[in-house]
Amino acid sequence: MAGQIKNLVEQIIKVRCNGNPTLINPTKIKLILKGINPDKFNDESEDDPIIIGKLQTIIKDLNLVIEI
Amino acid sequence: MSVKIAYSTNTSSKEASQEIKEKFSNENNLKLVLFFASSNYDPNEIAAEMQNNFSSLKTFGCTTSGELISGLMLKNSIVAMAFSDDLIEDFSVEVLDDLNKKDAVDLAFKNFESHYESKMQEMDFKKYVGLTLIDGLSLAEEKIIDRIGDLTNIPFVGGSTGDDLKFTKTHVFYNGKAFSNSAILALLKPKVDFDIIKTQSFKALDKKLIPTKINSETRTVYEFNNIPAVKAYTDLIGIDINDASKYFMHHPLGLMANDEPFVRSPQQTKDYAMVFYCNVSENMELSLLESGNIVDDTKRDLDLANQKRKIKSMINFNCILRTLELEAKDQTEAYGKVFEDIPTIGFSTYGEQYLGHINQTSTILVFY
Chain E
1 MAGQIKNLVE QIIKVRCNGN PTLINPTKIK LILKGINPDK FNDESEDDPI IIGKLQTIIK
61 DLNLVIEI
Chain C
1 MSVKIAYSTN TSSKEASQEI KEKFSNENNL KLVLFFASSN YDPNEIAAEM QNNFSSLKTF
61 GCTTSGELIS GLMLKNSIVA MAFSDDLIED FSVEVLDDLN KKDAVDLAFK NFESHYESKM
121 QEMDFKKYVG LTLIDGLSLA EEKIIDRIGD LTNIPFVGGS TGDDLKFTKT HVFYNGKAFS
181 NSAILALLKP KVDFDIIKTQ SFKALDKKLI PTKINSETRT VYEFNNIPAV KAYTDLIGID
241 INDASKYFMH HPLGLMANDE PFVRSPQQTK DYAMVFYCNV SENMELSLLE SGNIVDDTKR
301 DLDLANQKRK IKSMINFNCI LRTLELEAKD QTEAYGKVFE DIPTIGFSTY GEQYLGHINQ
361 TSTILVFY
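Taken in sequence, the protein lines are chains E and C.
When the first sequence is numbered by the numbering used here, its final residue is 68 and no position is left out of the sequence of numbers.
When the second sequence is numbered by the numbering used here, its final residue is 368 and no position is left out of the sequence of numbers.
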């Protein structure tokens with residue numbers, strides 16, 4: 001399976017920024033500093049369980065409600 | 001008047017504080033005093049004296065490894081900025097006096113929410129700005145700034161407290177008291193517009209290292225690209241393995257975000273491992289950086305911000321490694337001149353914060 005990481009990253013950014021484009025860049029940088037570079041993943045990226053686990057921790061820490 | 005700045009090089013805490021007070025004496029609408037003091041002052045004395053001299057105001061600050069004020073880089077001094085009520089509408093200051101406490105930031109944020117009667121997630125990030133002053137010997141900066149970023153979109157900017165390169169103990173100050181192994185978070189609601197400048201003087205080379213074996217608690221990298229860290233680093237630069245530390249200042253590593261480096265500076269080698277001044281994560285791609293001219297690059301970034309609107313005052317959290325480089329190149333006077341026309345205070349930090357914990361950078365809060 002592929003593409004889940006890109007999907008999760010996009011949803012984190014979308015929900016966290018709540019439609020405000022000014023917040024997209026700082027949110028991406030926060031993810032990069034947490035070890036997830038949004039630009040490194042695309043629809044073909046393998047569903048690596050370690051990275052998906054990291055993203056689930058981030059979703060919890062950011063207290064986001066995201067449909068997986 | 002929006003801010004007033006003053007400094008003293010008097011070595012007595014009492015007399016230095018009185019000198020600062022006298023320089024602010026003509027102002028009657030002051031609200032808050034921020035000060036940065038050399039660790040060579042007795043921390044309890046300087047905290048108490050500053051509060052005694054401004055008894056009707058709140059005072060807060062920290063110890064340093066050198067101080068900055070408009071036009072000057074100082075040593076063994078105290079610098080202060082007084083904010084008037086036409087610059088600051090409201091503020092709240094929290095001391096995190098136990099950095100081992102897991103929920104220290106969460107508790108401070110609850111108090112901010114209580115003070116401002118609003119959830120941190122719901123506050124307008126264009127109307128509030130946070131300051132961080134975090135013990136520079138605690139290794140706690142990443143956890144604090146990361147948690148701040150989790151809990152809010154409000155920008156926080158600041159620096160790690162210093163102790164004049166003694167590396168023994170640093171302090172933060174609030175309300176007449178000094179605290180070690182502690183941090184201060186301040187949440188300001190300015191009446192004016194503000195921005196944050198992050199400036200560093202490096203270009204990224206097309207050479208990468210990926211940490212593959214680390215200890216994030218001690219900020220140690222044992223291996224890059226599955227080979228001993230020092231060997232990988234020195235091979236990348238093309239130097240002898242025994243010369244690694246000679247190149248740390250000129251060639252730190254950078255985590256690249258939108259072509260902008262978030263600098264991770266090596267501190268020392270331990271056998272074939274490398275210890276950094278801030279954390280790196282496993283599998284985080286890092287670029288080899290090459291240093292440029294700090295004075296020119298800082299001036300460029302300040303000029304860019306000034307072109308948008310005139311900067312009226314600023315607080316500069318300037319990395320001690322930049323200060324050491326400026327001193328080595330005899331450029332401290334030139335650096336001071338970069339912001340001589342802007343009311344400024346700042347200090348030489350053991351690390352800088354903006355979105356994350358970084359090194360060899362200036363993080364600057366500017367008010368318009």
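Simulated from the structure, these hints should not be mistaken for laboratory data.
Heads up, a few of these hints could be off.
To be verified - Examples of chain E residues lying across from chain C (beta carbon under 7 angstroms, computed):
hint, residue
1, PRO21
2, LEU23
3, ILE29
4, LYS30
5, ILE32
6, LEU33
7, GLY35
8, ASP61
9, VAL65
Heads up, the beta-carbon is just placed ideally off N, CA and C, and yes, glycines get one too.
Hints and how they fare:
1. Interface hint status for PRO21/E: violated, as the beta-carbon distance to the closest one in chain C is roughly 13 angstroms, over 7 angstroms.
2. Restraint check, LEU23/E versus chain C: the minimum CB separation of about 6 angstroms is within 7 angstroms; hint holds.
3. Against a cut-off of 7 angstroms between C-beta atoms, the interface hint on ILE29/E holds, since the closest Cβ of chain C lies about 5 angstroms away.
4. Hint status for LYS30/E relative to chain C: holds, with the closest Cβ pair at about 5 angstroms, below 7 angstroms.
5. The beta carbon of ILE32/E comes within 5 angstroms of a beta carbon in chain C, closer than 7 angstroms, and the hint placing it at the interface holds.
6. Interface hint at LEU33/E: satisfied, since its Cβ lies 4 angstroms from the closest Cβ of chain C, which is below the 7 angstroms cut-off.
7. For GLY35/E, the shortest C-beta to C-beta distance to chain C is roughly 4 angstroms, which falls under 7 angstroms, so the interface hint holds.
8. Interface restraint check for ASP61/E: the shortest CB-CB distance to chain C comes to about 5 angstroms, inside 7 angstroms, so the restraint holds.
9. Annotation: interface hint on VAL65/E violated; nearest CB of chain C at approximately 12 angstroms, more than 7 angstroms.
The earlier numbered hints that this structure contradicts are 1 and 9.
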